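Make a model of the complete structure from these sequences and hints.
Number of protein chains: 2
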Amino acid sequence: MKSSKHLKTAISPTRSENYPEWYQQIIKAADLAEVSPVRGCMIIKPWGFAIWENIQRILDKGIKATGHKNLYFPLLIPMSFMQKEAEHIEGFAKECAVVTHHRLAKDAEGKLIPASPLEEPYIIRPTSEAIIGDAFSRWVQSYRDLPILVNQWANIIRWEMRTRLFLRTTEFLWQEGHTAHATAEEAMQESVKMLDVYARFAEEYLAMPVIKGEKSESERFPGAVNTYTIEAMMQDKKALQAGTSHFLGQHFSRGFNIKYLSAEGKEEFAWTSSWGVSTRLIGGLIMTHSDDNGLMLPPKVAPAHVVILPVIHKEEDRATVMAYCERIAEELRQIYFHDRHLEIEIDARDIAGGEKGWSWYKKGIPVRIEIGNKEVGADTVFMGRRDKDYKERQSVTRQEFIKTIKAELDDIQSQLLLRAQAFRKQNTTVITNLNDLYDFFKGEGGGFALTHWNGDPAIEAKMKQELGITIRCIPFDQQKNPGKCVFTGEHSPQPVVFAKAY
Amino acid sequence: MKSSKHLKTAISPTRSENYPEWYQQIIKAADLAEVSPVRGCMIIKPWGFAIWENIQRILDKGIKATGHKNLYFPLLIPMSFMQKEAEHIEGFAKECAVVTHHRLAKDAEGKLIPASPLEEPYIIRPTSEAIIGDAFSRWVQSYRDLPILVNQWANIIRWEMRTRLFLRTTEFLWQEGHTAHATAEEAMQESVKMLDVYARFAEEYLAMPVIKGEKSESERFPGAVNTYTIEAMMQDKKALQAGTSHFLGQHFSRGFNIKYLSAEGKEEFAWTSSWGVSTRLIGGLIMTHSDDNGLMLPPKVAPAHVVILPVIHKEEDRATVMAYCERIAEELRQIYFHDRHLEIEIDARDIAGGEKGWSWYKKGIPVRIEIGNKEVGADTVFMGRRDKDYKERQSVTRQEFIKTIKAELDDIQSQLLLRAQAFRKQNTTVITNLNDLYDFFKGEGGGFALTHWNGDPAIEAKMKQELGITIRCIPFDQQKNPGKCVFTGEHSPQPVVFAKAY
Numbered sequence: 073m074k075s076s077k078h079l080k081t082a083i084s085p086t087r088s089e090n091y092p093e094w095y096q097q098i099i100k101a102a103d104l105a106e107v108s109p110v111r112g113c114m115i116i117k118p119w120g121f122a123i124w125e126n127i128q129r130i131l132d133k134g135i136k137a138t139g140h141k142n143l144y145f146p147l148l149i150p151m152s153f154m155q156k157e158a159e160h161i162e163g164f165a166k167e168c169a170v171v172t173h174h175r176l177a178k179d180a181e182g183k184l185i186p187a188s189p190l191e192e193p194y195i196i197r198p199t200s201e202a203i204i205g206d207a208f209s210r211w212v213q214s215y216r217d218l219p220i221l222v223n224q225w226a227n228i229i230r231w232e233m234r235t236r237l238f239l240r241t242t243e244f245l246w247q248e249g250h251t252a253h254a255t256a257e258e259a260m261q262e263s264v265k266m267l268d269v270y271a272r273f274a275e276e277y278l279a280m281p282v283i284k285g286e287k288s289e290s291e292r293f294p295g296a297v298n299t300y301t302i303e304a305m306m307q308d309k310k311a312l313q314a315g316t317s318h319f320l321g322q323h324f325s326r327g328f329n330i331k332y333l334s335a336e337g338k339e340e341f342a343w344t345s346s347w348g349v350s351t352r353l354i355g356g357l358i359m360t361h362s363d364d365n366g367l368m369l370p371p372k373v374a375p376a377h378v379v380i381l382p383v384i385h386k387e388e389d390r391a392t393v394m395a396y397c398e399r400i401a402e403e404l405r406q407i408y409f410h411d412r413h414l415e416i417e418i419d420a421r422d423i424a425g426g427e428k429g430w431s432w433y434k435k436g437i438p439v440r441i442e443i444g445n446k447e448v449g450a451d452t453v454f455m456g457r458r459d460k461d462y463k464e465r466q467s468v469t470r471q472e473f474i475k476t477i478k479a480e481l482d483d484i485q486s487q488l489l490l491r492a493q494a495f496r497k498q499n500t501t502v503i504t505n506l507n508d509l510y511d512f513f514k515g516e517g518g519g520f521a522l523t524h525w526n527g528d529p530a531i532e533a534k535m536k537q538e539l540g541i542t543i544r545c546i547p548f549d550q551q552k553n554p555g556k557c558v559f560t561g562e563h564s565p566q567p568v569v570f571a572k573a574y
Numbered sequence: 073m074k075s076s077k078h079l080k081t082a083i084s085p086t087r088s089e090n091y092p093e094w095y096q097q098i099i100k101a102a103d104l105a106e107v108s109p110v111r112g113c114m115i116i117k118p119w120g121f122a123i124w125e126n127i128q129r130i131l132d133k134g135i136k137a138t139g140h141k142n143l144y145f146p147l148l149i150p151m152s153f154m155q156k157e158a159e160h161i162e163g164f165a166k167e168c169a170v171v172t173h174h175r176l177a178k179d180a181e182g183k184l185i186p187a188s189p190l191e192e193p194y195i196i197r198p199t200s201e202a203i204i205g206d207a208f209s210r211w212v213q214s215y216r217d218l219p220i221l222v223n224q225w226a227n228i229i230r231w232e233m234r235t236r237l238f239l240r241t242t243e244f245l246w247q248e249g250h251t252a253h254a255t256a257e258e259a260m261q262e263s264v265k266m267l268d269v270y271a272r273f274a275e276e277y278l279a280m281p282v283i284k285g286e287k288s289e290s291e292r293f294p295g296a297v298n299t300y301t302i303e304a305m306m307q308d309k310k311a312l313q314a315g316t317s318h319f320l321g322q323h324f325s326r327g328f329n330i331k332y333l334s335a336e337g338k339e340e341f342a343w344t345s346s347w348g349v350s351t352r353l354i355g356g357l358i359m360t361h362s363d364d365n366g367l368m369l370p371p372k373v374a375p376a377h378v379v380i381l382p383v384i385h386k387e388e389d390r391a392t393v394m395a396y397c398e399r400i401a402e403e404l405r406q407i408y409f410h411d412r413h414l415e416i417e418i419d420a421r422d423i424a425g426g427e428k429g430w431s432w433y434k435k436g437i438p439v440r441i442e443i444g445n446k447e448v449g450a451d452t453v454f455m456g457r458r459d460k461d462y463k464e465r466q467s468v469t470r471q472e473f474i475k476t477i478k479a480e481l482d483d484i485q486s487q488l489l490l491r492a493q494a495f496r497k498q499n500t501t502v503i504t505n506l507n508d509l510y511d512f513f514k515g516e517g518g519g520f521a522l523t524h525w526n527g528d529p530a531i532e533a534k535m536k537q538e539l540g541i542t543i544r545c546i547p548f549d550q551q552k553n554p555g556k557c558v559f560t561g562e563h564s565p566q567p568v569v570f571a572k573a574y
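So the sequences go chain by chain: D and F.
The first sequence begins at 73 in my numbering and counts up by one.
The second sequence begins at 73 in my numbering and counts up by one.
Keep in mind that the hints were calculated from the coordinates and are not lab data.
Keep in mind that this is a model prediction, so the values were computed, not measured.
There could be a bad hint or two in this list.
Any copy, or any two copies together, can satisfy a pair, since identical chains are not distinguished.
[Stated by the list, open to error] Below, in silico cross-link-like pairs of lysine-lysine (DSS-like), each with a Cα-Cα straight-line distance of 27 angstroms or less:
hint, residue 1, residue 2
1, K310, K331
2, K552, K156
3, K178, K166
4, K475, K572
5, K117, K133
6, K284, K536
7, K552, K446
8, K156, K331
9, K117, K265
This is the structure in structure tokens:
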């Protein structure tokens, strides 16, 4: 057993010292991802990718359960397609990676250069409405072909100027659902239904409470009639847009000529929707739950639920301690927790016990158990939970541990959600006059400000400039709460959420 | 009930009439995929993509069970990285899609043009050795960091001149495993081990028998020391390379500076391997099992196992027939078959029974059952199997059907493998003199020719030119079978497989 006298435990800097840098350090300490030599792109490492695999597996079920089928469209989009919907190209032109050649050759000095220019350049998809709209126009002929309900898991490239791991990267992974319907109502209902799927997933699996609502016009997806969003509050009180769903009206069906013959024999344009969530959710997860000691993972999406830490002081104990660890691991792996069997790690590295324990605490694993000679003898485990202090550990019998592990994990899951809900409540304020709004967002302050607003985009623009805040959403659950606009005193049908945002 | 007098059943053309066109028509009839407006890229449609999802789920387990962890590397590779391993760039230079700009703008006439040129162009990954080699050089410091065993599921772009759905497309989906080891032996064993994983998967799940072997030098992966392959025989007797695994020696570790400090304190280059299979497997699946009536799917990878076809002659029967269908579907969905519950489709479309039945026969679903008033009354189902003639159907009691469905599906799975094995055996010949080799491959003839060869690449080149055949592999199971080279009469340690190939 090696000593761990000079063990560095907490994350430096802390959240209050430097929140953005704390975020980077959390990712590094948990080994979730790293920056790559490709501008703004990340390498998602195994511990981070396993979180994404859990998100994928769970969400995929939800997407299929609501009648959607997975398929796959090309990565590349002909440049001319991007122009078929006017707002769409306006919104994405600045972020398009352009493929212009299809070969490499060597110049006179032996240096590689692009060769064989393409007749028409291709864009790497920044989203797939354009390539999918083109396909829908071929697939849809009659009302009998509708609705079309499809989804794809894919990589996306948007050439972002300022990037941050998971939150905003040039390449990211996501799912994008695309649907076409015979009526506006159906397409609208579809987009609201999928926002519900996202909201339930965020709360039930990521333990991240969200506000569902509609975006104001200035924050809409380029080409959408309405954009719906789920907004979460991070620990620096900023909002994170965690998922969006768009009612696209007939914008794309007109741009791409998606027409159908109705039951009455009339030619009509279809109504479409699209919706997506991305690896950004992992950024949200990190900033919702982690503390100054590292990552903290909700059990339902953690890559592993329990780590077993053998503590071997004398070499002669190794065999019995390891056998006891293996036996517990096997017992745990039989247990079914929500949608999968428990996943167990055994960390047999020959490093100091404190260093080993802390490395998993920083990785956010929900439960760790230490097993030494004493535990083997007494048939117990020495257990600690990630949502409690590192030193708060207790001895429980093996039997009791096996019997209660599911309840412990459910309790951790609930605790994380409760904490996040309490934090959001504490930092959400109803604002009824303009001075209070300025005070609320002064300096480092902030949170969610429920504020009546008359709907004027000029006011939004002014607030963005003066206070760095935007309207995150017009919440669904405030629709029957009329009042007075704090900016003009005019009647306002319902308050909106102002906040600083990622 | 509508009539189906003029129902077109069989696929046109048949295999013997025009095999390549038959292949395209099978894909169309089963609605697996279609060509897209992006040169050489396909849209994988839901029925085709669900096969890929099954392949992914099963292989992913096999990859993880052998100790590998999934992660994700960037889509783009800096152009300069491609040059670090000399053979690698030679092999891929002609197929690289090059990203040169990161913005779109409008010219004076309002036409979109690429804008904001990149300082260094990026290549869309044609494979990821280069970007991963760079990361490994940072991740590997000491022998304690080895082995590194990782895998990613990703999309790939290779600018192919002649493309064919699934078999060779500009964009395809695959998994690529990448590993680094302290010794040559370990890296070599790793690459052979993963070939085994592929071979078992091909036979046990795709019902596609394969020959495992090593590639001759001319067929090696660009940058590999050895390339191992699994080769399958299609129904036109051509070979399909269905998966490869590469022992990369120290080529990439030298190119990318992947060094470790050994236990003895010496600085050494690591040894690496890589291995992959792609959506090409679906092409192999189609060409191994399908017949002149459509696709035929092995139950273990079929998107659904059973389709229930309600036959409603009188509207007043609808409710009872549908209730009976739903009940059977629910009973079936409780049954666990290999690694998932049975997946059941109910086709309630209001079209003629024959058309409906044939549409599923063409889609290759393993089992279909027709349910009409008669079946409801007698508590039976009217069952047909895809591996038997369309008209060969039988009435069985519902109870019996539920009790035996797993056995039926297992039998279909076995029958498909047995047929494919018999076909391969029938078309594999030991060739001991040169005239026989020419005769064997004359005109439309061919198959696998087990032939002794002295190892001279000039002979390979000549055979490629004269007979259009290549050495598919040097089979592992023929390693103790010396003989005489049919081209020179020289001693040959073992025969190789010559064949025409995709």
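For each hint, the structure was consulted:
1. In this assembly of identical chains, K310 and K331 lie within 27 angstroms of each other by CA distance neither inside one copy nor across copies; the values are 42 angstroms within and 43 angstroms between.
2. Taking identical chains as interchangeable, the C-alpha atoms of K552 and K156 are never at most 27 angstroms apart, the minima being 38 angstroms within one chain and 64 angstroms between chains.
3. Within a single copy, K178 and K166 get their C-alpha atoms only as close as 30 angstroms, which misses the 27 angstroms cut-off; across copies the closest is 11 angstroms, which meets it.
4. In this assembly of identical chains, the alpha carbons of K475 and K572 never lie at most 27 angstroms apart, being 45 angstroms within a copy and 61 angstroms across copies at closest.
5. In this assembly of identical chains, K117 and K133 lie within 27 angstroms of each other by CA distance both inside one copy and across copies; the values are 24 angstroms within and 18 angstroms between.
6. Taking the shortest Cα distances, K284 and K536 sit within 27 angstroms of each other inside one copy (21 angstroms), while across copies they are farther apart (64 angstroms).
7. Neither within a single protomer nor between protomers do K552 and K446 lie at most 27 angstroms apart by alpha-carbon distance, with minima of 62 angstroms and 56 angstroms respectively.
8. When the C-alpha separation of K156 and K331 is checked against a cutoff of 27 angstroms, the pair qualifies only within one copy, where the shortest distance is 15 angstroms, while the shortest distance between copies is 51 angstroms.
9. Taking CA atoms no more than 27 angstroms apart as the test, K117 paired with K265 passes between copies only; the shortest distance there is 24 angstroms, against 33 angstroms inside one copy.
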